[in-house]
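A.B. asks: Sequences and hints are given; from them, build the entire structure.
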Amino acid sequence: MSQLAISRVALRYSLHGTSRTSLRLIEAPGRILPALRFTTPQCSSHTARGFSSNPQLQKKAGKANRSHARTDSNPPVNKGVAPTPTDEAYDVSGLESQILKAIEKLTHELSQLRSGGKLNPDIVESLKVQLGTAGHGKETVRLGDIAQVVPRGRVLNVICGEEGHIKPITTAIAASPHSLTPLAPEPSNPLTIQVPLPPPTGESRRAAVESAVKAAERADKLIQQARQEHNKKLRKYDVNREVLPDDIQKAKKLMEDVVKKGHVEVKRISDGAKRVLESQ
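Note that the UniProt record's numbering has the sequence shown beginning at 1, numbered continuously upward.
What the hints contain is simulated information worked out from the structure, not anything from laboratory work. Note that beta-carbon positions come from the ideal geometry of N, C-alpha and C, so glycine has one too. Some hints could be false.
The following label-pair restraints were derived from C-beta to C-beta distances [to be verified]:
#1 Gly164 <-> Glu96: 47 to 55 Å
#2 Ser279 <-> Lys250: 20 to 28 Å
#3 Asp145 <-> Lys236: 47 to 55 Å
#4 Gln249 <-> Lys101: 26 to 34 Å
#5 Thr181 <-> Glu139: 21 to 29 Å
#6 Thr84 <-> Gln224: 21 to 29 Å
#7 Val150 <-> Lys261: 32 to 40 Å
#8 Val239 <-> Val150: 53 to 61 Å
#9 Arg268 <-> Pro83: 27 to 35 Å
#10 Lys236 <-> Gly132: 40 to 48 Å
#11 Lys214 <-> Lys252: 28 to 36 Å
C.D. replies: This is the structure in structure tokens:
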């Protein structure tokens, strides 16, 4: 090290005192010289801490050390701890899942009635169509697999994929029990079959509302079945004395609250569907 650099260090050290533990010198651009370390006197009230890169102080952590190490980013986790009967008694996730399935099924069934029951496009797409002839072999396919049904007001437009499918699709629609009369394709749209939808009558409205009521009853029944299964589990814990009576009572109250919310949701959905059907 040059005498000039050492003189600069001595000057800075004398100005700042012994509280500074290390100094870093730059001899030339891009070159960093090792830091100089000074030891503070024993009588100093402040202990200086230095950072060392001495390989003897850096011990490589082995498997045993890593297994016992605890850091904030990787807190210890208790693995393999099974839930207690009390935990399972308060767990209503299975009950909620069954109630959700019942509500989803109700919503799907009611969606089939929103266009007046039998006039829903999904029902038309589910019709069976026979393709081919007796000499070349017949094939039965779903109408929705070979055509697309697009509702436009009180008309269903059945868009065929091939010209050869127009006749068998028309036959399938006319032969369905839904009182539909398909029209021949127009020259401007040779692959589109128009199916006018008859306006709903008082009888069809009543039938649709009755179907909505029955769908709601089925959903309520599914919810009650889910409640019975959960209650049997609680009864088992109570008989075997695996759960304290106080916890059993609290778990039953939680179960009843969940079931009540399910019935309320079923009523809300079905009442809304009935209002829509009655207004058509």
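A.B. asks: State for each hint whether it applies.
C.D. replies: How the hints compare with the structure:
1. Under the hint 47 to 55 Å, the C-beta atoms of Gly164 and Glu96, about 50 Å apart, fit the expected range.
2. For Ser279 paired with Lys250, a C-beta distance near 45 Å fails the hint of 20 to 28 Å.
3. The given range of 47 to 55 Å is respected by Asp145 and Lys236, whose C-beta atoms sit roughly 48 Å from each other.
4. Judged by the Cβ atoms, the range 26 to 34 Å given for Gln249 and Lys101 holds: they are separated by roughly 28 Å.
5. In this structure the supplied range 21 to 29 Å holds for Thr181 paired with Glu139, their Cβ-Cβ distance being about 26 Å.
6. The hint said 21 to 29 Å for the Cβ distance between Thr84 and Gln224, and at roughly 28 Å that hint holds.
7. At roughly 38 Å, the beta-carbon separation of Val150 and Lys261 lies within the given 32 to 40 Å, and the hint holds.
8. Taking the beta carbon of each, Val239 and Val150 are about 59 Å apart, inside 53 to 61 Å as hinted.
9. Our hint of 27 to 35 Å for Arg268 and Pro83 holds, since their Cβ atoms are close to 33 Å apart.
10. Between Lys236 and Gly132, the C-beta spacing of about 58 Å breaks the proposed range 40 to 48 Å.
11. One distance hint, 28 to 36 Å for the beta-carbon pair Lys214 and Lys252, holds here, with the actual separation near 30 Å.
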